[in-house]
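Chemist: Chain order of the listed sequences is A and B.
So for the first sequence, full-length UniProt numbering puts the first residue at 1; every next one is plus one.
So for the second sequence, full-length UniProt numbering puts the first residue at 1; every next one is plus one.
Hints are computed from structural coordinates only; laboratory data are not their basis.
Check each hint, because a few of them may be wrong.
Among the chain B residues that face chain A by a calculated CB cut under 8 Å, a handful are [to be verified]:
hint, residue
1, A25
2, Y33
3, S77
4, R95
DMTMM-like mimics (lysine to aspartate or glutamate), calculated; alpha carbons at most 25 Å apart, straight line [what the hints assert, rightly or not]:
hint, chain 1, residue 1, chain 2, residue 2
5, A, K148, B, D68
6, A, K148, B, E21
7, B, K57, A, E140
From the three backbone atoms N, C-alpha and C, an ideal C-beta is built for every residue, glycine too.
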Amino acid sequence: MFKGLPLLLLLISLTVQAEPWPDEDWPVGPRITTVSDLETYAFPPRDDTTRHGIRTDALLIIRDGQIVYERYAGPTTEQTPHLTWSISKSLMATVLGVAYGEGLFKLDDPALKFYPALERHPAITLANLLNWASGLDWQEDYEYAPLKSSVVAMLYTRGHRDMAAFTAEHDRYAAPGQAFRYSSGDSNLLATALKTMVGPQRYFDYPWTALFEPLGIRHAVWETDGSGTFVASSYAYLTARDLARVGLLMARGGRWNDRQLLPKDWVAFSLKPFEAYKAHQDEAVPGGHWWLNRPAESAISPWPDAPPDTFAALGHWGQALYVIPSEKLVIVRYGDDRDGSYKHNELLKRVLQAVRP
Amino acid sequence: MKRFLLLLLVVLLGWGVYERENLWAFPDIISAYTAKEYCSCRYVTNNDAGYCRGYVKQWLPTSQFTDDSASKTITVSGMGRSNSAQWLSDRQGCRLIP
Numbered sequence: 001m002f003k004g005l006p007l008l009l010l011l012i013s014l015t016v017q018a019e020p021w022p023d024e025d026w027p028v029g030p031r032i033t034t035v036s037d038l039e040t041y042a043f044p045p046r047d048d049t050t051r052h053g054i055r056t057d058a059l060l061i062i063r064d065g066q067i068v069y070e071r072y073a074g075p076t077t078e079q080t081p082h083l084t085w086s087i088s089k090s091l092m093a094t095v096l097g098v099a100y101g102e103g104l105f106k107l108d109d110p111a112l113k114f115y116p117a118l119e120r121h122p123a124i125t126l127a128n129l130l131n132w133a134s135g136l137d138w139q140e141d142y143e144y145a146p147l148k149s150s151v152v153a154m155l156y157t158r159g160h161r162d163m164a165a166f167t168a169e170h171d172r173y174a175a176p177g178q179a180f181r182y183s184s185g186d187s188n189l190l191a192t193a194l195k196t197m198v199g200p201q202r203y204f205d206y207p208w209t210a211l212f213e214p215l216g217i218r219h220a221v222w223e224t225d226g227s228g229t230f231v232a233s234s235y236a237y238l239t240a241r242d243l244a245r246v247g248l249l250m251a252r253g254g255r256w257n258d259r260q261l262l263p264k265d266w267v268a269f270s271l272k273p274f275e276a277y278k279a280h281q282d283e284a285v286p287g288g289h290w291w292l293n294r295p296a297e298s299a300i301s302p303w304p305d306a307p308p309d310t311f312a313a314l315g316h317w318g319q320a321l322y323v324i325p326s327e328k329l330v331i332v333r334y335g336d337d338r339d340g341s342y343k344h345n346e347l348l349k350r351v352l353q354a355v356r357p
Numbered sequence: 001m002k003r004f005l006l007l008l009l010v011v012l013l014g015w016g017v018y019e020r021e022n023l024w025a026f027p028d029i030i031s032a033y034t035a036k037e038y039c040s041c042r043y044v045t046n047n048d049a050g051y052c053r054g055y056v057k058q059w060l061p062t063s064q065f066t067d068d069s070a071s072k073t074i075t076v077s078g079m080g081r082s083n084s085a086q087w088l089s090d091r092q093g094c095r096l097i098p
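Using the sequences provided together with the hints, build the complete structure.
Modeler: Encoded structure:
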């Protein structure tokens, strides 16, 4: 019986080594070589005067836990903590997943339990907020409707001192959980709920102790509003290599090395399509603060050239973290796109062509 | 014609009252946006000053711009309003003050 044990241990250690993980740095795998179609699309000549067209700052491709492609442009380097904009929302969901694993809340808990200022909206649950389905009458437009934009008012004028309080003052347009409406306010309500869940002492360091440090992320920045609440909607900054660590965590079902950092049912909720979403309401199908490449109703998938298990965290001006578990792919794309010319499907198509020669 | 202009005035006034909060806050957008996003571009992302001035450029002009690099405080004026942002710490980055 004991004779077989060393062999078993050897086999286990071989299996562990066969699954590469980033340590202090990312392991480097065999570089992909057929990249000209990909680079023609992602890195056209950059126009800093008109700011037209696709303006990629960083493109990093991780396959099976190893870097297979990496390129930077503009002022961005591998050391740059780039603004992620709304990728921050998915990062907050991941931080909340750790708190969920600590047993600090349940998905159907009313948000009011953790944020008394929601007294006018007692039926909103944490799951509703994660699905962007609070039913609050929020206007997300950035540049095109500045007068009516809730998000511009939240970030720069009436809301910046306390973004959750600003959100909670909104009226209701639908019953919670019944309709999808993308809302940065919902994300910041989650950020303030976390303060009560973990307590004000732990809150200040919680994204670092819960998520960044276990993943080996050393240089994350997360800006706060005037009341000290993390701006979960918009203001986390990470290097491309560090953001890819979060992608790898999600690609591997919430596990980091041998530690199940996110409970499996949390990951399942994160990647479950929100059932009240109607086709074409947004650029992809919402899950629990992540974007899914699933067909909604009878419509085709949002990114038809990518596998159906593709999911993403997406941000303003072209920020994206794509995860394709079936292809063992994690892709970080940072940009400074000031028009709508960049298309997720086109980039994913060309990445998939490059990694499948 | 006179009645029409009067009606238009009433409608406009009504809209102004209805949207008073949004209208009052509106002129702050450009200076607050420029101060906050420049601060983060310069002191969080560590890009150079020239790049960051281009990065925050919008179609509305700003009239005054100061970056006090000792206190890492940016003050911007535009549309008759002034706003400031300040870098706080390595982890917290920048935020609008007060």
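Chemist: Does B/A25 pass the interface hint, meaning its C-beta sits closer than 8 Å to a C-beta of chain A?
Modeler: It holds, given that the least Cβ distance between B/A25 and chain A is near 4 Å, below 8 Å.
Chemist: Given the hint that B/K57 pairs with A/E140, does the C-alpha gap stay at or below 25 Å?
Modeler: holds (21 Å)
Chemist: Minimum Cβ distance from B/Y33 to chain A below 8 Å?
Modeler: holds (5 Å)
Chemist: Next pair to validate is A/K148 with B/D68; report whether the Cα-Cα distance is within 25 Å.
Modeler: violated (33 Å)
Chemist: Under 8 Å, Cβ to Cβ, is where B/R95 needs to be relative to chain A, so tell me if that hint holds or is violated.
Modeler: holds (6 Å)
Chemist: Is the hinted pair A/K148 and B/E21 satisfied, with a Cα-Cα distance of at most 25 Å?
Modeler: holds (10 Å)
Chemist: Given B/S77 as an interface hint, is the shortest Cβ-Cβ distance to chain A below 8 Å?
Modeler: violated (14 Å)
Going through the hint list in order, the structure does not satisfy hints 3, 5.
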